[in-house]
Amino acid sequence: MSEQVPAAQSPEVIQKLKFYQKGTFTVGNRLTGDDGRSVQASLNRSNALTCGHRACQGCGEALGARYALDAAMRATDGNLIAVNATGCLEVFTTPYPETSWQLPWLHSLFGNAAAVATGVAAAMRVKKHPEVRVVAQGGDGGTTDIGFQCLSGMFERNDDVLYICYDNEGYMNTGVQRSSATPPAARTATTPAIGPEPGNVFGTGKSVPRIAVAHRIPYVATATVADLHDLEHKVTHAMSIHGARYIQIDVPCPLGWGASSHDTIRLARLAVESGFYPIFEAEHGKVTAVRKIRRKVPVTEYLRPQRRFAHLFKGEVPDRRIARLQAMCDANIDEYGLIDGRDDGA
Amino acid sequence: MPKQIEGSRATAEAIALCRPEVICAYPITPQTHIVERLGELVKDGYLANCEFINVESEFAALSVAIGASAAGARAYTATASQGLLFMAEAVYNASGLGLPIVMTLGNRAIGAPINIWNDHSDAMSMRDAGWIQLFAETNQEAVDLHIQSFKLAEELSMPVMVCVDGFILTHAVERVDIPDQAAVDEFLPPYDPIQVLDPKDPISIGAMVGPEAFTEVRYLAHHKQMRALELIPINAGVFKDTFGRDSGGLLRGYRHEDAETLVVAMGSVCGTIKDTIDEMREAGIRIGLVVIVSYRPFPTAALRDMLAAAKDVVVVEKSFAVGLGGQLANDVDTALRNLPDGPNLHSAVAGLGGRPIWRRSLHRLFRQAVAEPWEGTHFLDLNEPVIQREIQRIGKTRRSGPTAESLLRQLGRRGELVAAGEETST
Numbered sequence: 001m002s003e004q005v006p007a008a009q010s011p012e013v014i015q016k017l018k019f020y021q022k023g024t025f026t027v028g029n030r031l032t033g034d035d036g037r038s039v040q041a042s043l044n045r046s047n048a049l050t051c052g053h054r055a056c057q058g059c060g061e062a063l064g065a066r067y068a069l070d071a072a073m074r075a076t077d078g079n080l081i082a083v084n085a086t087g088c089l090e091v092f093t094t095p096y097p098e099t100s101w102q103l104p105w106l107h108s109l110f111g112n113a114a115a116v117a118t119g120v121a122a123a124m125r126v127k128k129h130p131e132v133r134v135v136a137q138g139g140d141g142g143t144t145d146i147g148f149q150c151l152s153g154m155f156e157r158n159d160d161v162l163y164i165c166y167d168n169e170g171y172m173n174t175g176v177q178r179s180s181a182t183p184p185a186a187r188t189a190t191t192p193a194i195g196p197e198p199g200n201v202f203g204t205g206k207s208v209p210r211i212a213v214a215h216r217i218p219y220v221a222t223a224t225v226a227d228l229h230d231l232e233h234k235v236t237h238a239m240s241i242h243g244a245r246y247i248q249i250d251v252p253c254p255l256g257w258g259a260s261s262h263d264t265i266r267l268a269r270l271a272v273e274s275g276f277y278p279i280f281e282a283e284h285g286k287v288t289a290v291r292k293i294r295r296k297v298p299v300t301e302y303l304r305p306q307r308r309f310a311h312l313f314k315g316e317v318p319d320r321r322i323a324r325l326q327a328m329c330d331a332n333i334d335e336y337g338l339i340d341g342r343d344d345g346a
Numbered sequence: 347m348p349k350q351i352e353g354s355r356a357t358a359e360a361i362a363l364c365r366p367e368v369i370c371a372y373p374i375t376p377q378t379h380i381v382e383r384l385g386e387l388v389k390d391g392y393l394a395n396c397e398f399i400n401v402e403s404e405f406a407a408l409s410v411a412i413g414a415s416a417a418g419a420r421a422y423t424a425t426a427s428q429g430l431l432f433m434a435e436a437v438y439n440a441s442g443l444g445l446p447i448v449m450t451l452g453n454r455a456i457g458a459p460i461n462i463w464n465d466h467s468d469a470m471s472m473r474d475a476g477w478i479q480l481f482a483e484t485n486q487e488a489v490d491l492h493i494q495s496f497k498l499a500e501e502l503s504m505p506v507m508v509c510v511d512g513f514i515l516t517h518a519v520e521r522v523d524i525p526d527q528a529a530v531d532e533f534l535p536p537y538d539p540i541q542v543l544d545p546k547d548p549i550s551i552g553a554m555v556g557p558e559a560f561t562e563v564r565y566l567a568h569h570k571q572m573r574a575l576e577l578i579p580i581n582a583g584v585f586k587d588t589f590g591r592d593s594g595g596l597l598r599g600y601r602h603e604d605a606e607t608l609v610v611a612m613g614s615v616c617g618t619i620k621d622t623i624d625e626m627r628e629a630g631i632r633i634g635l636v637v638i639v640s641y642r643p644f645p646t647a648a649l650r651d652m653l654a655a656a657k658d659v660v661v662v663e664k665s666f667a668v669g670l671g672g673q674l675a676n677d678v679d680t681a682l683r684n685l686p687d688g689p690n691l692h693s694a695v696a697g698l699g700g701r702p703i704w705r706r707s708l709h710r711l712f713r714q715a716v717a718e719p720w721e722g723t724h725f726l727d728l729n730e731p732v733i734q735r736e737i738q739r740i741g742k743t744r745r746s747g748p749t750a751e752s753l754l755r756q757l758g759r760r761g762e763l764v765a766a767g768e769e770t771s772t
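For the record, the sequence lines run as chains A and B. Going left to right, the first sequence walks through residues 1 to 346 as the working numbering numbers them. Going left to right, the second sequence walks through residues 347 to 772 as the working numbering numbers them.
Quick caveat, the hints were computed from the structure, so don't treat them as lab data. Some clues are possibly wrong.
[What the hints assert, rightly or not] No farther apart than 20 Å at their CA atoms in a straight line, the calculated lysine to any residue pairs in the SDA-like style are these:
1. Lys-127/A <-> Asn-395/B
2. Lys-570/B <-> Ala-647/B
3. Lys-127/A <-> Met-572/B
4. Lys-128/A <-> Asp-544/B
5. Lys-127/A <-> Ala-647/B
None of these values were measured; they are calculated from a predicted model.
Please build the complete structure, drawing on both the sequences and the hints.
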């Protein structure tokens, strides 16, 4: 892999497509026409993040990054440069002397991916390469915490960068510590499930998608690995726009969440269907579309398979914090109108 | 063309002549006039084909420069003091990635206590960060060093920090010869990167490196700096051929050939030291100066050759390592290591936080170094009575309060020690 060969031009390195249809909603390519098929379904996909990397089994981030970047590569005809924050994605893709990246890729620091991407975009302008576009990417720690100042600066200047945050709700690369994207009550290494208030605090929360919308940048979206067609569509749409854009993808982390690796997609779907992770799009400060909940599930269905929430289910009576988490989900459903007929807050 | 011009504006015009393609600006005293002027030059179209980006912090300033440089653009930024510390992580990153960014440092003290005036604490805090560090003695040299720096940085693919004394140089209006564009273009070819982010030839930059190769990667960075020891004088020679004046280089001597006492210093204080030396020479004292221009890489061998024959070496520097002493003195000590019958080394710290360095104080210092040498580090013009009183005071009470504010109270409004019990109230 250290030999860099652009995958799109080298048929011999393209993997055989593997479709598994086991009653999921996610892989419907065979049932759709050519136009409706995913980028991943194409023999000409770029494999921007190619095989051989060291992500854990069931890693939501690896899946999300692959879909997002291949969609961006298709949208830009391969004229794409990626800037990566320090984190799992950076570490598991570049075990020296190998790299999984089939596009030009730069890792600088943990907290500066947005600013580095601004620099790359500036260089492309001054070097008269308007066709070359820039994606910055990082985990939630590198985005919502340490990289937040650079991110906000990039938004405010409306620099021509798509920033993708792979949100696994914690510092998983360093051993599962709390970030500002960690949900309330969740157990992490720095919010242990002990004492009178086990797990993470019920703070005010820090929703960077909402903060991005408040910057009134051209495009903001949340997405999920439970709906990869939707993710590809959003990335493709984002690449059709210039200026600052932000996509945050819910990427379950089997290790950090204490979940089975085969449950990654199921958990991502339950996060959507419970209202825990609202999926929406916004342009220039206004929400333009939401992904409706198909079959609302109680938040316990989402929480119960994850060991990070196990302490909520130990007592004989329901934990009062489950009710608070359910209230958070319901507030999301009301705020974004995720269920028809509840738009009035009913 | 020679003109009366503020140091910062002269520096900005020199940078513009180097045709930077991305400039990142964040205000911090005393470098602000440089980026302000560059902003004007971009906005009015004089500096064409350049992106001027107002960022939200110094950390972002250097990070934007890192991205721009890795994508093949000639990148520049400027900072000082706290700003350099705030971007510290990116400072190491830029050199680790081997990106030829040029950065001006308007040398300023580091707080607390907060202090906007000149010393070299900021540059010294990054002396091991893998950047080439050049110190300007005059504003003419600041102009010339910037032009040489882009060439040096790009030849080696390594960042260069040009250190210019805050206020003393940045805000001084004096006669400076700003070169012609044609001459600068002849001296400095367009940036031809050794590594670049290019979709046609995708490479990964910034991969994780483990113990199997980290030492070798670091060694190669050291090897590049050793190459800079050869390149810096060569470039200074080409510069002289192009522009007709001596500027830059690793180091230079002043009345040093027959000197028994040699002073070693960096930056603008060398002017005051030269005046002092002239006066002492008139009094028959064989004293000279060695000006260090390139602090990193440190010209160990060349310095040893210049100092070897002296009886006494006095290092005067505007920074020190708390708990150890003068940093430059330590490096000079390294140069003198294992020298049989080498000179006696005397370390003096002066001009911290903008304190003026007077000729009369230097006279005393240089005479004392020979006649009554001190142990350890000498602090020039240290106010001993106020120190002694403060040490006594804090020995008497547990809650002695903040040191800086207490000292200000004791010094009173005129900066002179007031009588005990009559301290200014705060």
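Against the structure, the hints come out as follows:
| no. | hint | in the structure |
| --- | --- | --- |
| 1 | Lys-127/A <-> Asn-395/B | 8 Å, holds |
| 2 | Lys-570/B <-> Ala-647/B | 17 Å, holds |
| 3 | Lys-127/A <-> Met-572/B | 32 Å, violated |
| 4 | Lys-128/A <-> Asp-544/B | 13 Å, holds |
| 5 | Lys-127/A <-> Ala-647/B | 42 Å, violated |
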